[in-house]
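**Student:** Residue numbers (the working numbering), protein chains in the order written: chain E, 56 to 463; chain G, 564 to 689.
Bear in mind the hints are in silico, worked out from the structure with no lab data behind them.
Accuracy of the hints is not assured; some may be wrong.
[Unchecked claim] Quick list of simulated restraints, FRET-style, between CB atoms: (1) E/H179 to G/L657: 32 to 42 Å; (2) E/A203 to G/T586: 32 to 42 Å; (3) E/R456 to G/Q616: 34 to 44 Å; (4) E/P302 to G/P650: 48 to 58 Å.
[Stated by the list, open to error] With a cut-off of at most 30 Å between alpha-carbon atoms, the simulated DSSO-like pairs for lysine-lysine come out as follows: (5) E/K409 to G/K668; (6) G/K639 to G/K675; (7) E/K459 to G/K668; (8) E/K459 to E/K409.
[As the list claims (entries may be wrong)] Per the computed footprint, the stretches of chain G lying under chain E, defined by three or more beta-carbons under 8 Å from a beta-carbon of chain E, are: (9) 571-583; (10) 594-607; (11) 619-625.
For every residue, glycine included, the Cβ atom is placed at its ideal position computed from N, Cα and C.
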Amino acid sequence: MLDVEKIRADFPILSVEAYPGVPLVYLDSAASSQKPEVVLAAMDAYYRQINANVHRGIHRLSEDATNAYEAARLKIARFINAPDESQIIYVRNATEGFNLVAYSWGRQNIQAGDEILLTEMEHHANLVPWQMLAEEKGAVVRYIPFLADGTLDLSRLDGLLTERTKLFSFTAVSNVFGTINPVRQLVDAGHAVGAVVMVDAAQAVPHTAVDVQAWDCDFMTFSGHKMCGPTGIGILYGKRRLLESMPPFMGGGDMIRRVTLEGSTWNDLPWKFEAGTPSIAEGIGLGTAVDYLAGIGMDNIHAHEQFITHYALEALSEIKGITLYGPPASQRAGVATFTIQGIHPHDISEVVDKDGIAIRAGHHCAMPLHLRLNVSATARASFYLHTTTQEIDKLVASLNRTRKLFRL
Amino acid sequence: MDIYREQIIDLHEHPLNFGELETADFCHEDDNPLCGDIIRIAINLDDSGRVYQVGWTGSGCAISQAAASLLTETIKGMSLTDIQTFPPERLLDLIGVPLSQARRKCALLPLKVLQAGVSGAVSTDE
Numbered sequence: 056m057l058d059v060e061k062i063r064a065d066f067p068i069l070s071v072e073a074y075p076g077v078p079l080v081y082l083d084s085a086a087s088s089q090k091p092e093v094v095l096a097a098m099d100a101y102y103r104q105i106n107a108n109v110h111r112g113i114h115r116l117s118e119d120a121t122n123a124y125e126a127a128r129l130k131i132a133r134f135i136n137a138p139d140e141s142q143i144i145y146v147r148n149a150t151e152g153f154n155l156v157a158y159s160w161g162r163q164n165i166q167a168g169d170e171i172l173l174t175e176m177e178h179h180a181n182l183v184p185w186q187m188l189a190e191e192k193g194a195v196v197r198y199i200p201f202l203a204d205g206t207l208d209l210s211r212l213d214g215l216l217t218e219r220t221k222l223f224s225f226t227a228v229s230n231v232f233g234t235i236n237p238v239r240q241l242v243d244a245g246h247a248v249g250a251v252v253m254v255d256a257a258q259a260v261p262h263t264a265v266d267v268q269a270w271d272c273d274f275m276t277f278s279g280h281k282m283c284g285p286t287g288i289g290i291l292y293g294k295r296r297l298l299e300s301m302p303p304f305m306g307g308g309d310m311i312r313r314v315t316l317e318g319s320t321w322n323d324l325p326w327k328f329e330a331g332t333p334s335i336a337e338g339i340g341l342g343t344a345v346d347y348l349a350g351i352g353m354d355n356i357h358a359h360e361q362f363i364t365h366y367a368l369e370a371l372s373e374i375k376g377i378t379l380y381g382p383p384a385s386q387r388a389g390v391a392t393f394t395i396q397g398i399h400p401h402d403i404s405e406v407v408d409k410d411g412i413a414i415r416a417g418h419h420c421a422m423p424l425h426l427r428l429n430v431s432a433t434a435r436a437s438f439y440l441h442t443t444t445q446e447i448d449k450l451v452a453s454l455n456r457t458r459k460l461f462r463l
Numbered sequence: 564m565d566i567y568r569e570q571i572i573d574l575h576e577h578p579l580n581f582g583e584l585e586t587a588d589f590c591h592e593d594d595n596p597l598c599g600d601i602i603r604i605a606i607n608l609d610d611s612g613r614v615y616q617v618g619w620t621g622s623g624c625a626i627s628q629a630a631a632s633l634l635t636e637t638i639k640g641m642s643l644t645d646i647q648t649f650p651p652e653r654l655l656d657l658i659g660v661p662l663s664q665a666r667r668k669c670a671l672l673p674l675k676v677l678q679a680g681v682s683g684a685v686s687t688d689e
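Bound conformation, chain E alone (with noise of 0.2 Å):
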């Protein structure tokens, strides 16, 4: 079991009152984590004392931050178990990961007539760029639904995936149901059609031990910000022969190897990827976000929040009027999404955020799956390796005096 008490001083931010004598309760690490104390450190070091632009100088200073920013790729790529760190694309978050994808390798292999295959849980970020792609091209998107308890339907999967499927990708963890998704099982499904599989990480790298090669997917992608780390850096990873067959994303500097007036030629893996000077604090940040989770065990984190997760459901399900979204706990990540009868999800948020709670209200940048739902807008607590059960008692507390504030 995690030491959450120890845990909770290694965050300035939790220490901080949300109002005057009201503690913060931070229920949106799935939106949005907080930093330990070692993350902010690290980004202060770098400016305080090797700050320069990477892969230009010759000078110390630039030596320094290149070897940090490049030792922090490494301990990413180790984190995921990839097997080569120039597989490991330093990207600004998950949505430019897909974006990367769907412009890159897309456009140079989606054709008119060709399908791409997503789910109905995604998020807008692996949504949006594919529904561009396809508007471009001429190429068919189609969804595999979700039942009643936010699990996908795979007895869809077979008459979905045909060999006009070219790309097959899909969230490993829902932000909204919280449900974990048989990873394997859907790539190796791709695979058998000829389908290139994407995995959307970004709810799963934060809170459970990721390796993209048992998972065998040819791309995924995730978000530093979620995950300790700043924001304005996240990681795309390929399979190299894939990455090796795609012309560059964005030109600039540092993704060339020679450029005259006639034209250029590309670097090597990953920088061909990498256009303009980098977010180096950020990539710093991130490779110490990475110590900080691996120092305490993805396994000991996805087990707290198991325990939280399980905790929350059953309190939570007591509250009048309330409708949990999701498969039990046993099957999701840290994530509770609820309505209450009579009130608006703004409505919730706003009263609870008076006790200090934060929590996500509206459609979490899933639209699709609210339409499905038929309801507009959503309530979302979510948690991580700091929240405790007093934490999830005072959620539900706070819960039960909106409905009398509502006259429920």
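With chain E fixed as given, assemble chain G onto it according to the hints.
**Tutor:** Quick look at chain G alone, frame taken from chain E:
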């Protein structure tokens, strides 16, 4: 400072002018995709072109619902020009509670719907 003062909750329980009109001189509907709030406002004018009947329907948070009640109550007797020039601040004053930027959008949705409806009606007349 609680934005859910008694009046807001009262209006949430018992909205004013809520319901469809059997016939309407014009009606308009729009939503706030961010939160899924949706509001439809229908209006009948008297011979002098002033609002004498107004009904609204829709769903959303307590703030947008309260704003729809307060706004529809206030515009009775107004001309279309009065509605077109109705200042957003006046609606925020009617609501009378401090709102964050995000919740201002909820509060102003009914006015946005109403003014878009009036613009549509005016341009059809021309």
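**Student:** Does the Cβ-Cβ separation between E/A203 and G/T586 fall within 32 to 42 Å?
**Tutor:** Since E/A203 and G/T586 have Cβ atoms about 41 Å apart, the given range 32 to 42 Å holds.
**Student:** At a Cβ distance under 8 Å, does chain E reach at least three residues of the region 571-583 of chain G?
**Tutor:** n = 3 at 8 Å, threshold three: holds.
**Student:** Is E/K409 close enough to G/K668, meaning Cα to Cα at most 30 Å?
**Tutor:** This hinted pair holds, its Cα atoms lying about 20 Å apart.
**Student:** Taking only the CA atoms, is the gap from E/K459 to E/K409 under or equal to 30 Å?
**Tutor:** holds (15 Å)
**Student:** Keeping to a limit of 30 Å between CA atoms, is the pair of G/K639 and G/K675 held or broken?
**Tutor:** The hint holds at about 17 Å.
**Student:** Per the hint of 48 to 58 Å, is the separation of the Cβ atoms of E/P302 and G/P650 within bounds?
**Tutor:** holds (53 Å)
**Student:** Are there three or more residues in the region 619-625 of chain G whose C-beta lies closer than 8 Å to some C-beta of chain E?
**Tutor:** holds (count 4)
**Student:** Quickly compare the C-alpha distance for E/K459 and G/K668 to 30 Å and report which way the hint goes.
**Tutor:** Given that 30 Å is the threshold and the Cα spacing comes to 26 Å, the pair holds.
**Student:** Between E/R456 and G/Q616, does the C-beta distance stay in 34 to 44 Å?
**Tutor:** The hinted range 34 to 44 Å holds for E/R456 and G/Q616, with Cβ atoms some 39 Å apart.
**Student:** Holds or violated: 32 to 42 Å for the Cβ distance of E/H179 and G/L657?
**Tutor:** The hint (32 to 42 Å, Cβ to Cβ) holds, given that E/H179 and G/L657 are roughly 35 Å apart.
**Student:** Go check the region 594-607 of chain G versus chain E for me, would you? Three or more residues, Cβ under 8 Å, otherwise it fails.
**Tutor:** holds (count 6)
Of the numbered hints given earlier, the model fails none.
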